[in-house]
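Asker: Each protein sequence line maps, in turn, to chains A and B. Under our numbering, the first residue of the first sequence is numbered 20, with each subsequent residue one higher. Under our numbering, the first residue of the second sequence is numbered 2, with each subsequent residue one higher.
Among the hints, erroneous ones may be present.
[Unchecked claim] Here are the computed lysine-lysine pairs in the DSSO-like style, where the Cα-Cα straight-line distance is at most 27 Å:
| id | chain 1 | residue 1 | chain 2 | residue 2 |
| --- | --- | --- | --- | --- |
| 1 | A | Lys-202 | B | Lys-90 |
| 2 | B | Lys-216 | A | Lys-211 |
| 3 | B | Lys-100 | A | Lys-202 |
| 4 | B | Lys-216 | B | Lys-100 |
| 5 | B | Lys-199 | A | Lys-78 |
| 6 | B | Lys-88 | A | Lys-174 |
| 7 | A | Lys-202 | B | Lys-79 |
| 8 | A | Lys-202 | B | Lys-42 |
| 9 | A | Lys-219 | A | Lys-233 |
| 10 | B | Lys-46 | B | Lys-199 |
| 11 | A | Lys-233 | A | Lys-191 |
| 12 | B | Lys-257 | B | Lys-8 |
Keep in mind that the hints were calculated from the coordinates and are not lab data.
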Amino acid sequence: MEYQVLTVSREGPLGLITINRPAAMNALNTRMVTELISALDGFEKDDSVRCVVISGSEKAFSAGADIKEMAEMTAVRMAMTGHFFPLWDKVGRFPKPIVGALSGFVLGGGLELAMSCDVLIASETTQLGQPEIDIGIMPGGGGTQRLTRAVGKYKAMEMILTGRRIGAEEAKALGLVSRVVPKEAYLSEAKKVASEIASKSPVAVRQAKMAVNKAFEMGLADGLDFERELFYLLFASEDKDEGMKAFMEKRKPEFSGK
Amino acid sequence: MNLETVKTELKNGVLWTTLNRPDKLNAFNEQMGDDLLEVLKEAEKNAEARCVVVTGEGRAFSVGEDLNTNRAVYDSGKPMLLGEVLKRKYNPIVQRIRKMDKPVIAAVNGVTAGAGLGLALACDLRAASEQATFHEAFIKVGLAPDSGMSFWLTRILGLAKAMEVGLLGEPIDSTMAMNLGLVNWVFPADKFREEVAKIAERLAKGPTKALGLTKRALNRAIVVDMDSALEYETYLQDVAGRTRDHVEGVKAFFEKRDARFSGQ
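Please model the entire structure based on the sequences and the hints provided.
Answerer: Dropping the structure here:
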């Protein structure tokens, strides 16, 4: 695929996706959704990719959905094309870990995309919000569900009903981002974290990600059962043998992903 | 850039920013708030400006909010909604100064009061002319501190002294200000600008990136715990280690000469 609004590249075991639509503050449009799905598809199938990093620019991760494009959408067309929904499905079910490298504006669909990632590294200049209410709509890409799960009802309500943006530090205090770093370091730090994840057993990482995500979908008892099943399964992996052996031999493990 | 109420002059890497409503003792009306914010925004972007000095024209630094502009509201007997004024005018100025990645010096040439003092406190360093005086002023008109004053007074003076200044609002002269640590230097009035220029120009020749990172580290350190400060220092030093000025600084050290920093 010829990428127009993304830069897609590889760095060792990392698959890198950079949103690159500077003229529109990296606003999400149909083209970008198609490209994101294609890039994620490619990384999913490629066994040598162990972790994905999604970033934007220092100024904006993504300022949200392209309002010009959205303004022309009819309900019927939205229902027929699915609008951005194929992206939310793709990224929501992506089996490999995704690190979001956030800086500047992370608004609306941009925040929803961020919240579909697994670890969020934020530059201190990051501003996060769901301002859809200001233009007479509401979040439609998982915002009401994921934000509420991340920060709880009352903070989510405040953000979604008033459209107020919060800064990086507040987001960290709320548990909405994993780490806050200087603006010069957000991308390198995200890559560092991604590399660390990429050095672990891909089987274990995949199962662990699945288990954590299930915590939001299941009751505790079912979740614990689910976790236990995945845990047993890992005992059949070569990576488990290698990991434990390396630990006892006091050396670094080399995981094969088997 | 010359605006209606703020004059600027870029000289030897220093952006001199002069509040210019001398007949009103440089009190802030809407225009001056907008103008100062505009100057600060430009200063941030301008790579030639490697240090910013904020000072006042005439005998005052700034006496804070221009109550005359709000006179009609006061005369009408309606309540004055000051929260909006802060959100729109003063808070963004304080935030811009503190977050700017270059040093900002307040050259307190004369009387400073209320939000004018808040502005001076928001700057990274303060030089006072010996004729400068400092007035908390809010309490005298039945208000609580704003424009960051509660934050900086407690951190600069400690809680007990900050309470004294905030609750009693006695004027502070330059000697007292120096003793309290409210200002970094006091200079004679006739040599004031010259002395401030020496400090500002020295900073303007410095490793600008590292100065900005230092500013960020210190501003953060006063609000977080030690472990977080250590973690943040680690990130910042990674950034600083990649600057050209760091390479030049180390090279100069080995060659036993003064470093020539480019600000990059």
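Asker: Each hint needs a verdict: does it hold in this structure or not?
Answerer: Cross-check of the supplied hints:
Note on Lys-202 of chain A and Lys-90 of chain B: the hinted pairing holds, with a Cα-Cα distance of about 26 Å set against a maximum of 27 Å. Between Lys-216 of chain B and Lys-211 of chain A the alpha-carbon distance is near 25 Å, which keeps this suggested pair within the 27 Å criterion. With a C-alpha separation of about 12 Å, the suggested pair Lys-100 of chain B and Lys-202 of chain A falls inside the 27 Å cut-off, and the hint holds. At most 27 Å may separate the alpha-carbon atoms for a hinted pair to count; Lys-216 of chain B and Lys-100 of chain B meet this at roughly 8 Å.
With a C-alpha separation of about 35 Å, the suggested pair Lys-199 of chain B and Lys-78 of chain A falls outside the 27 Å cut-off, and the hint is violated. Between Lys-88 of chain B and Lys-174 of chain A the CA atoms are separated by roughly 21 Å; this keeps the pair inside 27 Å, and the hint holds. At most 27 Å may separate the alpha-carbon atoms for a hinted pair to count; Lys-202 of chain A and Lys-79 of chain B exceed this at roughly 45 Å. Taken as a hint, the Lys-202 of chain A and Lys-42 of chain B pair is honoured in the structure, with Cα atoms around 18 Å apart against an allowance of 27 Å.
A threshold of 27 Å between alpha carbons decides the hint, and for Lys-219 of chain A with Lys-233 of chain A the separation of about 21 Å falls inside it, so the pair holds. As the CA atoms of Lys-46 of chain B and Lys-199 of chain B are separated by approximately 23 Å, the hinted pair is consistent with the 27 Å bound. Note on Lys-233 of chain A and Lys-191 of chain A: the hinted pairing holds, with a Cα-Cα distance of about 23 Å set against a maximum of 27 Å. Distance check on the hinted pair: Lys-257 of chain B and Lys-8 of chain B sit about 41 Å apart at the alpha-carbon level, beyond 27 Å; violated.
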